[in-house]
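Participant: What follows is each chain in one-letter form.
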Amino acid sequence: MTLGEILTLAFSAILLQNVVLSRFLGICPFMGVSSKRDSAVGMGLAVIFVITLSSVVSWVLYTYILKPFDIVYMRTIVFILVIASLVQIIEMFTKKVSPTLYKSLGIYLPLITTNCAVLGLATIVATDEYTFLSALIYSFASAVGFLFVMYIFSTLREKMKNAPIPDGFKGVPIAMITAGIMAMIFARFAGVI
Amino acid sequence: MNQRENFTKGLLKENQILVALLGLCPTLAITTSLENALGMGMAVIFCLTVTNLIISSIRKIVPDEIRIPIYIVVISTVVTIIDMAMAAFLPAIHKSLGIFIPLITVNCIILGRAEAFASKNGPLSSVVDALGMGIGYASVHIVISIIREVIGSGKITVWGSLVLDINKLFGSNETLPIFTNFFIQPAGAFIVLGLLLGIYSTIRTKRMKKTEVNKK
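Chain order of the listed sequences is H and X. Taking my numbering, the leading residue of the first sequence gets 34, the next gets one more, and so forth. Taking my numbering, the leading residue of the second sequence gets 3, the next gets one more, and so forth.
Isolated chain X (complex conformation) (with noise of 0.2 Å):
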């Protein structure tokens, strides 16, 4: 496999949440706003390379049967690190993503990228693979929180002064009655995630069955 590919399987063939079903808490909890999405966005795929580039350095040292308690330590730490930086530099993020920043550690893709790829291969190849699971993981979260954002409250907010106002391009200054906060809510969350899961999967196997009658 040459590095374009091992880039590009984390976006879609691959993705980790839309395919491999893993890291949802955090796409449940923070997509109710742009702003916060690009924040997760940035902490997971900071994470995410900085705990493969270490693991798959001390891929040869490490003993087979403690192998779990040292990755988890390694996570932590940088997650501590990333929660202190976002801290000091973004704190207004920082306060709105709250326990999910210390909850990167338990992230089940963090977890499962070092286990399943930086565990086995070399260090450049696990970075390029950790930025493509990021940036694909990212970049559902940014999905679902655009969608949420939009039918939530009507208008797109980013670092608190760029506006998208939807309701203006409609003549009107009031939230319009189209735009319900129900998909701020929990119960919005859900649904979203499930209909675009729904959606991505009946798309999946329609282009499946195209491959297969083509290779016949």
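Chain H on its own, in the form it takes in the complex (with noise of 0.2 Å):
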């Protein structure tokens, strides 16, 4: 792979294709953790570290069992005991070797578990025909771009707090709606790319 494509690759993971706002994976943290910038950015460096892991491993079990002994229907149930176990050795690794590390991202990780961009990007991953490298690189960048949105969001709606917004759209409703808005604006990206 050339240095271009590997860019043009992770850019259009990142804005295009991205995660959140045109994938509609993972819409439950990106409403349920935004409220704070603190906790938007902790939630999504623990999804960058898991995702980018349990898509490289589910893309190796994929590539080298499942397809070799054609039991491809399996995956899912694989996909998602590997992202569990996965989620439970990275918290107790963190907790004995960066206590820091895992006060900041510790409370996150438990949820990321049924995070479905996990689930989703490991198996777009797999079963897409990705390269080693290119899965790699693929499943960061989405990791990536989720930090970015959740980063953006959050900060909106610390602001939004402040505003003047009907009683029953407060809250959830006018995220949602300020995510379209988002949503627009990022579809626009496919010019650039």
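Be aware that one or more of the hints could be misleading.
[As the list claims (entries may be wrong)] In silico BS3-like pairs for lysine-lysine, Cα to Cα no more than 27 Å straight-line: (1) X:K208 - X:K15; (2) X:K208 - H:K203; (3) H:K194 - X:K211; (4) X:K15 - H:K203; (5) X:K212 - X:K15; (6) X:K211 - H:K203; (7) H:K203 - X:K11; (8) X:K62 - X:K122; (9) X:K157 - X:K97; (10) H:K194 - X:K208; (11) X:K157 - X:K170; (12) H:K69 - H:K194; (13) H:K203 - H:K69; (14) X:K11 - X:K122; (15) H:K128 - H:K69; (16) X:K11 - X:K208; (17) X:K212 - H:K203; (18) X:K15 - X:K217; (19) X:K11 - X:K62; (20) H:K69 - H:K192; (21) X:K11 - X:K212; (22) H:K100 - X:K97; (23) X:K15 - X:K211; (24) X:K11 - X:K217.
[To be verified] Which stretches of chain X does chain H cover? Using the computed rule of at least three CB atoms under 8 Å from a CB of chain H, they are: (25) 26-32; (26) 69-82; (27) 107-116; (28) 184-190; (29) 193-201.
It is worth saying that the hints were derived from the structure and are not from the lab. Quantities reported herein were computed from a predicted structural model and do not represent experimental measurements. Cβ coordinates follow ideal geometry from the N, Cα and C atoms, glycine included.
Starting from the two chains in their separate frames, assemble the complex, guided by the hints.
Facilitator: Following this line, the structure appears as structure tokens:
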């Protein structure tokens, strides 16, 4: 792969095919953890960690075990077990090695198991005929895209707390509409890449 | 709580999308057409009913500490069966739903009902609860997909042959300018769902205030 190809793949994963705004994966943490900037960034960093690792492991398992033995239909069960155990291992590992990192990421780790962006990207990367390198880059860049959008969205929501919004629309409804406007902007990146 | 209340609570009062805000990913992603929403609705109702039945039947022999991994394995098994069945019998819908069928595994609703209801109640009431919750979920999908498909393309197509063309009602063969494909795009999904949630919660708070006044 040339550098140009790598950059194109990475930027289209971050901006154009953004996990949240165009693929609709990981909406639950996007709405649930984005009301404060610190927690949004913490969640985003934990997600980068888990998505990259689990996608690569899933790719390896899919290509070297599931495909040769012709048991591709087992992929959902295998991937979800990989993700659940990886999250557990990462949690124990960070607790032992770096307590400060554990303090900032630890509380988000259990939530990640049921984050559909993780299982979604593992499935996309494994089944869509990516090579090992492109699978690694694509999953990492998508996770960076998640962090990027989480950061922007949390700053917007912090400002929105002071805005005069009708009572029924406070909280999630207005956040959805804001996300819609963000999705409109992100869709326009199609001309850039 | 009798079975009737158990069934109807999922439709509006505890609707998983409108009130609990769970399972929003497929709600945004696959509601581009009514056909997709029907397919997804059927898959979720089936999956929810079967997992609730299995989990409430085994609830007494599952150790409390490892219940979540066990639930996830049960759910992903059921989802795999649905995935294979849909690929065989409904290949077109299976293709357009794509990744969102395996993702039913991590849909918060399924695990949420398993944890909140099926692990504490008997098989019969768990099935009734699952049917109510599933139908409530599917009906929100259907409402959103009708809005998006009508405004987005000006017609509704179901099962490939059943077409309701609103453009023709106005006597034109082309898509009218009031129908824009903006609502089929991702941004439209967020805005339609946001408006729906806002309107629903406005009505709900008004109703709650009214009942409070009546009580006084």
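Participant: Decide, hint by hint, whether the structure agrees.
Facilitator: Verification of the hints:
1. A distance of roughly 14 Å separates the Cα atoms of K208 of chain X and K15 of chain X; the hinted pair therefore holds under the 27 Å criterion.
2. The straight-line distance between the Cα atoms of K208 of chain X and K203 of chain H is roughly 15 Å, inside the 27 Å bound, and the hint therefore holds.
3. As the CA atoms of K194 of chain H and K211 of chain X are separated by approximately 24 Å, the hinted pair is consistent with the 27 Å bound.
4. The hinted pair formed by K15 of chain X and K203 of chain H meets the criterion: a straight-line CA distance of about 19 Å does not exceed 27 Å.
5. For the given pair, K212 of chain X sits about 16 Å from K15 of chain X by alpha-carbon distance, which is consistent with the 27 Å threshold.
6. Restraint check for K211 of chain X and K203 of chain H: the C-alpha separation of about 17 Å stays at or below 27 Å, so the hint holds.
7. Restraint check: the Cα-Cα separation between K203 of chain H and K11 of chain X comes to about 24 Å, which is no more than 27 Å; the hinted pair holds.
8. About 9 Å separates the Cα atoms of K62 of chain X and K122 of chain X, which keeps this hinted pair within 27 Å; it holds.
9. The suggested pairing of K157 of chain X with K97 of chain X holds, with an alpha-carbon distance near 21 Å, which does not exceed 27 Å.
10. For the proposed pair K194 of chain H and K208 of chain X, the alpha carbon gap of about 22 Å is at most 27 Å, so the pair holds.
11. With a CA separation close to 9 Å, the supplied pair K157 of chain X and K170 of chain X stays within the 27 Å bound.
12. A threshold of 27 Å between alpha carbons decides the hint, and for K69 of chain H with K194 of chain H the separation of about 11 Å falls inside it, so the pair holds.
13. The hinted pair formed by K203 of chain H and K69 of chain H meets the criterion: a straight-line CA distance of about 15 Å does not exceed 27 Å.
14. This hinted pair checks out: K11 of chain X and K122 of chain X have alpha carbons roughly 17 Å apart, not beyond 27 Å.
15. For the given pair, K128 of chain H sits about 24 Å from K69 of chain H by alpha-carbon distance, which is consistent with the 27 Å threshold.
16. For the suggested pair K11 of chain X and K208 of chain X, the alpha carbons sit about 19 Å apart, so the restraint of at most 27 Å is met.
17. Restraint check for K212 of chain X and K203 of chain H: the C-alpha separation of about 20 Å stays at or below 27 Å, so the hint holds.
18. The straight-line distance between the Cα atoms of K15 of chain X and K217 of chain X is roughly 19 Å, inside the 27 Å bound, and the hint therefore holds.
19. Between K11 of chain X and K62 of chain X, the direct Cα distance comes to roughly 26 Å. Compliance with the 27 Å bound is thereby established for this hinted pair.
20. Between K69 of chain H and K192 of chain H the alpha-carbon distance is near 10 Å, which keeps this suggested pair within the 27 Å criterion.
21. Proposed proximity of K11 of chain X and K212 of chain X is supported: the alpha carbons are some 20 Å apart, at most 27 Å.
22. With a C-alpha separation of about 20 Å, the suggested pairing of K100 of chain H with K97 of chain X holds against the 27 Å cut-off.
23. A hinted pair counts as satisfied when its Cα atoms are at most 27 Å apart, and K15 of chain X with K211 of chain X qualifies at roughly 15 Å.
24. The suggested pairing of K11 of chain X with K217 of chain X holds, with an alpha-carbon distance near 21 Å, which does not exceed 27 Å.
25. For the stretch 26-32 of chain X, the stated coverage by chain H is satisfied: 5 residues place a CB nearer than 8 Å to a CB of that chain, which reaches the threshold of 3.
26. Here's how the stretch 69-82 of chain X fares: 7 of its residues keep a CB closer than 8 Å to some CB of chain H, so the rule of at least three is met and the hint holds.
27. Interface restraint, the stretch 107-116 of chain X with chain H: holds (5 residues with C-beta to C-beta distance below 8 Å; minimum three).
28. Only when three residues or more bring their CB closer than 8 Å to a CB of chain H does the claim for the stretch 184-190 of chain X stand; here the count is 4, and the claim holds.
29. Restraint check on the stretch 193-201 of chain X versus chain H: 7 residues with Cβ-Cβ distances below 8 Å, three needed, restraint holds.
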